[in-house]
Amino acid sequence: MESLLWNYAEFDTPEEVDAVFRAQRRLSIGHGLLFLVVTALLPVLHVAWPAWSTTAVWGGLTPAFIAATVLYPLFCIILAASYSMRANRMDEDLLGRVQTPGRAWEVAGEPAQGDP
Amino acid sequence: MQATALVTTLLVLASALVISWAARRRASTRVEFYLAGRTVSAFLNASAVCGDYFSAASFLGVAGAVYASGLDGVWFGVGFAGGFVPLLLFTASPLRRFGEYTLPDYFAARFESNAARLVAVALVQIIVVFYLAPQMVGAGTVWELLVGRGLLGMNPYATGVVVTAASMVIFSIVGGMRGMTWNQALQFWTMTSAMALVVAFAFAAGFSYTRALRDLSSGPLVNPERWRVAELQRPDAAGVTPAERARAVMSPAYWERHIAPHLDNPEAEVVVLMPQSSRLQPGPAVYNQPGHLYTALDHASLLLTLILGTAGLPHVVMRFYTSPTGPLARRSTVYVVLLTSVFYWLATTAGIAGRALTPQAAKPDGVALPVQVVDGLLAHPDQVLPLLAQTLGGAVLLGYVVAGAFAAMFSTIGGLLLASAASWGHDVFERFLRPDAPERLRVLVAKLALVAMALVAMAIGLAFPRAEFLREFPAVIARMVSWAFAISASGLVPVLIVSLWWRGATLRGALAGMVAGGGTCLVLLAANLLRVGKAFPDWMAGLPAGPALPTLVSAPLAFLCVFLVSWWDRKNVPVHVDEVWMRLHGTARERQERLLRRAGVQSQPGWEPL
Numbered sequence: 001m002e003s004l005l006w007n008y009a010e011f012d013t014p015e016e017v018d019a020v021f022r023a024q025r026r027l028s029i030g031h032g033l034l035f036l037v038v039t040a041l042l043p044v045l046h047v048a049w050p051a052w053s054t055t056a057v058w059g060g061l062t063p064a065f066i067a068a069t070v071l072y073p074l075f076c077i078i079l080a081a082s083y084s085m086r087a088n089r090m091d092e093d094l095l096g097r098v099q100t101p102g103r104a105w106e107v108a109g110e111p112a113q114g115d116p
Numbered sequence: 117m118q119a120t121a122l123v124t125t126l127l128v129l130a131s132a133l134v135i136s137w138a139a140r141r142r143a144s145t146r147v148e149f150y151l152a153g154r155t156v157s158a159f160l161n162a163s164a165v166c167g168d169y170f171s172a173a174s175f176l177g178v179a180g181a182v183y184a185s186g187l188d189g190v191w192f193g194v195g196f197a198g199g200f201v202p203l204l205l206f207t208a209s210p211l212r213r214f215g216e217y218t219l220p221d222y223f224a225a226r227f228e229s230n231a232a233r234l235v236a237v238a239l240v241q242i243i244v245v246f247y248l249a250p251q252m253v254g255a256g257t258v259w260e261l262l263v264g265r266g267l268l269g270m271n272p273y274a275t276g277v278v279v280t281a282a283s284m285v286i287f288s289i290v291g292g293m294r295g296m297t298w299n300q301a302l303q304f305w306t307m308t309s310a311m312a313l314v315v316a317f318a319f320a321a322g323f324s325y326t327r328a329l330r331d332l333s334s335g336p337l338v339n340p341e342r343w344r345v346a347e348l349q350r351p352d353a354a355g356v357t358p359a360e361r362a363r364a365v366m367s368p369a370y371w372e373r374h375i376a377p378h379l380d381n382p383e384a385e386v387v388v389l390m391p392q393s394s395r396l397q398p399g400p401a402v403y404n405q406p407g408h409l410y411t412a413l414d415h416a417s418l419l420l421t422l423i424l425g426t427a428g429l430p431h432v433v434m435r436f437y438t439s440p441t442g443p444l445a446r447r448s449t450v451y452v453v454l455l456t457s458v459f460y461w462l463a464t465t466a467g468i469a470g471r472a473l474t475p476q477a478a479k480p481d482g483v484a485l486p487v488q489v490v491d492g493l494l495a496h497p498d499q500v501l502p503l504l505a506q507t508l509g510g511a512v513l514l515g516y517v518v519a520g521a522f523a524a525m526f527s528t529i530g531g532l533l534l535a536s537a538a539s540w541g542h543d544v545f546e547r548f549l550r551p552d553a554p555e556r557l558r559v560l561v562a563k564l565a566l567v568a569m570a571l572v573a574m575a576i577g578l579a580f581p582r583a584e585f586l587r588e589f590p591a592v593i594a595r596m597v598s599w600a601f602a603i604s605a606s607g608l609v610p611v612l613i614v615s616l617w618w619r620g621a622t623l624r625g626a627l628a629g630m631v632a633g634g635g636t637c638l639v640l641l642a643a644n645l646l647r648v649g650k651a652f653p654d655w656m657a658g659l660p661a662g663p664a665l666p667t668l669v670s671a672p673l674a675f676l677c678v679f680l681v682s683w684w685d686r687k688n689v690p691v692h693v694d695e696v697w698m699r700l701h702g703t704a705r706e707r708q709e710r711l712l713r714r715a716g717v718q719s720q721p722g723w724e725p726l
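Top to bottom, those sequences are chains A and B.
Numbering-wise (this note's numbering), the first sequence opens with residue 1 and increments by one.
Numbering-wise (this note's numbering), the second sequence opens with residue 117 and increments by one.
Calculated directly from the structure, the hints in this document are not laboratory data.
We treat Cβ as the ideally placed atom computed from N, Cα and C, and that holds for glycine.
Residues from chain B shown here face chain A by an in silico Cβ test under 10 Å; the list is partial:
1) Leu187
2) Val194
3) Pro210
4) Arg327
5) Leu420
6) Arg619
Model the full structure from these sequences, guided by the hints.
Put into structure tokens, the structure is as follows:
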């Protein structure tokens, strides 16, 4: 059983890896830019829009306080979960071929050449 | 109180020892000792990452910062939590897939250069020392405050430092990374549950988040400050003395009893409540508004430091090498973002509750803890969590908070010692001194390196000029930790991100980025320290003061250097970059491992887990 398993070789070609790298980089930079803009917005709003940090909307809660304690952490959690799911799915979709002895290269989950 | 604190501290130590002992048989190879065999599940790893990451600065310091500064204090916690997002987006998965032991390992393999390894080792060790020093100071201070008893003829502070260093050596050597993982996870949940209990007790005592914020923000923010009497009575440009401003916000009874008797002695020092000024706009600071601690530039610099610096902290990065695969490293990080957000929300709430509830409770007669209370406010904000625990839940809750505080220090110090030992043992001994050393000798050297670093940490803790630093930086633990983040964000992270995602990064570019970013950061930090210590050379005295943290300058400089020098050096892109790319971004190896693991095959000669 073990020796049989070792004959199945998962493999990636440089072209496939390059394609997934570029797709992953786009995904990371896209999410990274969104994160950067939202993060940079917080100190900018303090200076550019005084009402943001002085107007109480509920008890002593100002929009700035709500953003810092609730909205920004929530944004980070949603962004992280969204990125992680998409990045993992991208890896699964773009990579995943195996070579078996005496058979053509095949994509995992798809019939190999010669299969009925 | 001391008995309860001592018992809970001993319980934390005993549980860590039991866990380390249970893991001892699985610390005999390097991949087990350093990386727990790379088989740690996502949630366990996330809990351990949080235990590793949350030091005394997080457990006591964030609640203290919110207690003292309101909204500006919140930003420390927000930055700590947000720091894991760039780590997830840019480094967690490719670094895990690359599959080495340490960050210097990665740089050496990526650029095929021992010079890159050595520069990275130097930066890692500087970061570890900057991170360890405040942890050891915290260990001594917490022991002094909460246990209050010395052992073997030492004073309480020295006892805390020595007990912590000795304990960490035993736990780390016996249990290796496997024991450390279980310990850190347990310690994380200990401190989180302690924080949650304090918050729950506060709500049960009638604390209202919104009402407290409204009441605390109804006037100018006042905080305790230490003044020499001569300066307290010197009029400013408007003809008003600081003493008059202080008296206007303090109770007459406290003033007459504690301040007035000292006013005849100009050299005496008194601690008074003083209205705080806003750094964002003219006028007083207000609790629920920004401006007490940071100008806009300082605020941006703090966020950049904390958010960028996390991805280069050696003890945190090392934890991601323990994940079995890249996707699980990503999933771990998502859990970490969730857990850190919850933890810092609890810390923020505890800080506000402390400010709202302690003025009545913190009367000198009603406080058993040796805290300094100035007219209802704590002179040292880091003490708010223990005080709140004692006020709301008595000795039992205080004991549990003490356990949380020691858990926070143990987990972080253990992670730092292991990361430092890996750097010395793996990156220096195995690569330069004895590349042919047998496995047992390599593990032995790693353990010796750990003992040596623990001794260094202990020496730093004992020799640290605590009184001088505390005078200039009341929240010294959080401040020094942020220096470690700044060096990481400037020296390591820019080169790490660029080299993971741009094939064109060259050795010269990487070295230029690390040296320029890390060097600039260190120089600017030293200049800030000299300025604060009033030891600035005359010829530099006219230079404008930069932001409190230099990352705003040094991190972009590092990015610029690595890009420009690599572009200039573009003919020298490493020839094996395609092979590196297959390891960083391909998934064949982890798919093969998954296939074998599902079939119950653990290993085959020549196929070590990466």
